[in-house]
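Trainee: Here the structure of chain A is known, so what remains is to put chain B in place on it, guided by the hints.
Protein chains: 2
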Amino acid sequence: MTRFALTYEFDGTPFQGLQRQKHGPTVQQAMEEALFKVTGEELTLLSSGRTDAGVHAMAMVSHVDIEKDLTPFRLMEAVNAHLRPNPIGVNHCEIVSEDWHSRFSCLGRRYLYRIACRRAPLALAKKRAWQVPANLDADAMQRAAQALVGRHDFTTFRSTICQAKDPVKTLDRLDVEQVDGLFGPEIHIHAEARSFLHHQVRSMVGCLKLVGQGTWEEARITTALEARDRQALGMNAPPHGLYFVEALYPEGQK
Amino acid sequence: MTRFALTYEFDGTPFQGLQRQKHGPTVQQAMEEALFKVTGEELTLLSSGRTDAGVHAMAMVSHVDIEKDLTPFRLMEAVNAHLRPNPIGVNHCEIVSEDWHSRFSCLGRRYLYRIACRRAPLALAKKRAWQVPANLDADAMQRAAQALVGRHDFTTFRSTICQAKDPVKTLDRLDVEQVDGLFGPEIHIHAEARSFLHHQVRSMVGCLKLVGQGTWEEARITTALEARDRQALGMNAPPHGLYFVEALYPEGQK
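Each protein sequence line maps, in turn, to chains A and B. If you read the first sequence in full-length UniProt numbering, its first letter stands for residue 1, the second for the next number, and so on. If you read the second sequence in full-length UniProt numbering, its first letter stands for residue 1, the second for the next number, and so on.
Chain A on its own, in the form it takes in the complex (with noise of 0.2 Å):
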């Protein structure tokens, strides 16, 4: 039996998200039937985050064991060929050590959030980014963020059927930036922490653009942050424009 890590893109449009569900297509499901056609195996792939419907990958991390000898490259091709159509793309395969796992091995996950500010609908970056009708204050937004980074009690910024047993987390990272995007300006939100709460990137984003909007005071974020209640949320940001970027692994290992 030999542990294979995969790290693979996924547009989550069609998606029920990433993980199997009774209802609906999921990633999981679309990658466990290709593996399946190329190994024979019921294999369970596992996974470092886990994804909302509609909600992007960009490099998405999963292992999973496998009895029948293959190297990673042919491993790779094939589940790329049994993909096919699913708007799924595997980039990188390595073996790695059986007791390295996609979850509880890994040290970090970073997410991207874009916001496309124009009125027009989207046309080339449709389900790719968070279109809204107004200039964004990203300055403000950028400097609102930084009442959320470090420890935190995040109740506020939890979706009420989260199922983590602690509502408090370490957020390292919240950054909003201005970029030029191939299709015109875009507002970025970085974030990076240990782990985050069901929807706590989403709520974030959302009251941030309160803010950007100036129907928030920058201050509102620590009130929120502060008052440890769903009530105090201003709203949760559409998941088509949040995108899974990295999962980070302590240094050689995958």
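It cannot be assumed that every hint is accurate.
Since the list gives no way to pick one copy over another, a pair counts as held whenever it fits inside one copy or between any two copies.
Said to hold, decoys possible - Mimicking BS3-like on lysine-lysine, the simulated pairs with C-alpha atoms at most 27 Å apart in a straight line are:
no., residue 1, residue 2
1, K68, K37
2, K22, K37
3, K22, K127
4, K165, K22
5, K127, K37
It should be emphasised that the hints constitute simulated quantities derived from the structure, not laboratory data. Just so we're clear, the structure is a prediction, and the values are computed from it rather than from any experiment.
Mentor: What follows is chain B alone, placed relative to chain A:
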């Protein structure tokens, strides 16, 4: 009667090109139908460029003459509302003089061609770039491209159904660069000319790709050009990597 110039983005994937045709949906048809819903007038949209099925536009410029009294902002908002769910977004609208013409006043056109060099199928940039499963030498492509810049007979790089009277065109710019795209490394090819022949950009890109992968020597671009023969063409790049980027007009006009 007022002449309006509209600048709009579109995803070319679901369309049989820009220009109205007997069969299949086109961008022009979608735009004219939205304009009819707003004005009640049977209008003809005239455009700075033509694009093939699957080719995208970041900023196509078209004009239309309208009887109904409308501000540019009101027209843009209403057209965008009626365009849904077509992947077309009008980003700019203004009143222009009656002797201004989106096609005949246009002094130059800019195109971008995107190539993603990777083995995995594209997920996030699916139908937005040409996936090539080889590492292309962008420097060799850039050197080879310079042989095409200037005034030449581009018969080799011209579709057999091209309707232009003269195959001689002046290519002002053809630059190849390696860029760090949001979803991974890409090669971008920038082309600029007063006007292009049918399939010219895609034909030039197809041959440059052969240079980039080492199938063609750099000098073969010159041989192909001098042959003035479609048979000397290496290959046509697919439409979905191509973007109409900008139409250039005399300063102060539009």
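Trainee: Now, for every hint given, state plainly whether the structure supports it.
Mentor: Results for each hint:
Within a single copy, K68 and K37 get their C-alpha atoms as close as 12 Å, which meets the 27 Å cut-off; across copies the closest is 61 Å, which misses it. With identical chains, the CA atoms of K22 and K37 are at most 27 Å apart within one copy only, with a shortest distance of 21 Å there and 43 Å across copies. Taking identical chains as interchangeable, the C-alpha atoms of K22 and K127 lie at most 27 Å apart only when both belong to the same chain, with a minimum of 24 Å there against 30 Å between chains. In the homo-oligomer, the alpha carbons of K165 and K22 lie at most 27 Å apart inside one protomer (24 Å), although the nearest pairing across protomers, at 61 Å, exceeds that limit.
When the C-alpha separation of K127 and K37 is checked against a cutoff of 27 Å, the pair qualifies only between copies, where the shortest distance is 26 Å, while the shortest distance within a copy is 30 Å.
Checked against the numbered hints given earlier, this structure breaks none of them.
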